[in-house]
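Those letters in the first sequence? Residues 1 to 525, per the working numbering, in order.
Everything labelled a hint here was simulated from the structure, so no lab data went into it. One or more hints might be untrue.
Now the in silico label distances, taken between C-beta atoms and shown as ranges [claimed, not checked]:
| id | residue 1 | residue 2 | range |
| --- | --- | --- | --- |
| 1 | I283 | V462 | 50 to 56 angstroms |
| 2 | E26 | F201 | 22 to 28 angstroms |
| 3 | T172 | E85 | 33 to 39 angstroms |
| 4 | H98 | A11 | 39 to 45 angstroms |
| 5 | E402 | S33 | 24 to 30 angstroms |
| 6 | L439 | K380 | 33 to 39 angstroms |
| 7 | L254 | E388 | 34 to 40 angstroms |
| 8 | L439 | L254 | 47 to 53 angstroms |
| 9 | E26 | Y114 | 44 to 50 angstroms |
Glycine included, every Cβ here is placed at the ideal spot set by N, Cα and C.
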Amino acid sequence: MRNGLSKDLIARILGAQPKYTLAELEEKYPARSLPDGAFVTRFAPSPTGYMHIGGLYQALVDCKLAQQSGGVFMLRIEDTDTKREVADAVKIIEDSMHRFGLKYNNDEKYGPYYQSKRKDIYHSVVADLLARGLAYPCFLTADDMEKIRENQKAAGFATGIYGEFARDRDLTEEEIITRLDNGEVPSIRLYSTGNPENRIFCKDAVRGSIGFPENNEDIVLIKSNDGLPTYHFAHLCDDHFMRTTHVVRGEEWLPSFPLHIQLFRMMGWMPPMYIHTSTIDKIDAETGKQRKLSKRHDPEANVAFFLQDGWPTEAVLEYLGNIAASGYEEAKSKGQVKSIWDYEMKPKKIPMSGALFDMKKLEWWAKEFIASLSVDELVKRVRNWAEEYDVQWTARIADNPEYLKNILAIERDNPKRIRKDFITWKQTLQEVSYFWDDLFVPNKEYEFNKDALAAFLDSFDVCDDKDSWWNKIVSVATDKGIKNGEVAMNLRVALTGRTNTPDLYSIMQVMGGDKVIGRVKDVLK
RNA sequence: GGUCCCAUCGUCUAGCGGUUAGGACGUCAGAUUCUCAUUCUGAAAACACGGGUUCGAUUCCCGUUGGGACUGCCA
């Protein structure tokens, strides 16, 4: 600790008198009146251009924990890094939240929810630290720090601004004024009182108490270039004054956990409960090693990928939710709950080891989900997707909406035996594309038994019921001395170009007599 | 290098000192079916290793190994 700075000097450093006293802030953002045990959570992404699947996972946990406890879930935009900010990023985040049904409730009373708009709060808090000698203006330039870092590395020391390397931590007021007069703009650093010889214990809801050496780095609280806070300081102020009870964040924050706890202690504030979630990983194709899903290498790291390809958002949420609350799967299969929102998520049970993203399992959730839809609902979802991502399909569907409905209704009448070959809305359309002449691809490889096909065509009547239809196939087979299945397969390939399809009779009914006759004739030519 | 986190079938996990180590996805086999999908039945498949503690360790402790994160005026 050092001598506190005078009021006037603090105002000069900050560019203005602090707007609030700590007491005023406490009053402005009072404790929330919520039922006992209610969680106040927040998803706090920085607007850097896209929504990461890991972010969605965290947001789901946040939302779920708040929702099931009768608490509040907030969305806070951490836009303190002006350099990395991307134009539409906030829109993308909000849109993703909306599409996945993650409803947040940003009560104005505790806002604003953009960190860039909360400067007054950060400055007021840092003014208090400055006055108490727990923070100081630091005039180290980027070059200075680079040199320090190099020297530290060469000497085998830990890098960072601490102890003797914290050049400006004991500047007198006069020295500070001289530098200010010089036109130098300081950042504001923590005057760390931590000693790495001591251990500090930090409590994580899943991992329990974690011991660290105390933090002794004079980390930056307020940046010199824009007067905005760093993450560490912003989260301290925000989660305190937003009255957050549970901070759900990635495990990459674990190393700075002691710093955060020390910060809370310095302020005399009660820290929230922390839940550090594990990463969502994949095996790197080149190195064969497990690593976090990354935006650059993995399309599936980006939530937009799932939207574009038409994955049911519910399925993605169930997959992710089951990672956080692994009993969900079983409870659902036993019919105890209908959706992830009905299943209680226990903070302590959120897994702490990194989970490999399992596309196959996601596919399973998606198949199950789509199979649970009514035909009308399925058609609606598919159309909605097409309208957003595929104009050609939109046109085709609009041309004859009933046709798509009939196609998708195939083998869906028996609830116990619904086909489960649809995974995404996009793939659903591809799966049934042969129903449209412009998409139908005749099979050139298959060696047709033209005799049999011709014989079938002779007897074909689209009005036949399923039994007489099948009887005709059987009689063709008998006449030609081949198996029933072979006749059916010839017909299947002639009509669809594929060797695997749903029920042939249904397909023919939906296609209609003209198309059936046309396609068989094309083969016979 | 330093600090911290993690370690059960291929994958996600249940387990919280005594279990035939359970489930799900995936895989394989069989049955049903005009093919596929579905449905049903079944199978293979795991406690990283080495020390302790204990009558007894998958479970507790230590170490090793392996994986991960952090080490920025980025979050």
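Each hint tested on the structure:
Distance hint check: the CB atoms of I283 and V462 are about 52 angstroms apart, consistent with the given range 50 to 56 angstroms. Between E26 and F201 the beta carbons are some 27 angstroms apart, a value that agrees with the proposed interval 22 to 28 angstroms. One distance hint, 33 to 39 angstroms for the beta-carbon pair T172 and E85, holds here, with the actual separation near 37 angstroms. Separation of H98 from A11 is about 43 angstroms and conforms to the stated range, judged on CB atoms against 39 to 45 angstroms.
A hinted range of 24 to 30 angstroms is violated for the C-beta pair E402 and S33, which are about 54 angstroms apart. A C-beta distance of roughly 22 angstroms is found between L439 and K380, which places it outside the suggested range of 33 to 39 angstroms. For L254 paired with E388, a C-beta distance near 39 angstroms keeps the hint of 34 to 40 angstroms intact. Restraint check, L439 to L254: a C-beta distance of roughly 51 angstroms satisfies the suggested window 47 to 53 angstroms.
Remark: the range hint 44 to 50 angstroms for E26 to Y114 is contradicted by a beta-carbon distance near 22 angstroms.
In the structure shown, a violation is registered for the earlier hints numbered 5, 6, 9, in ascending order.
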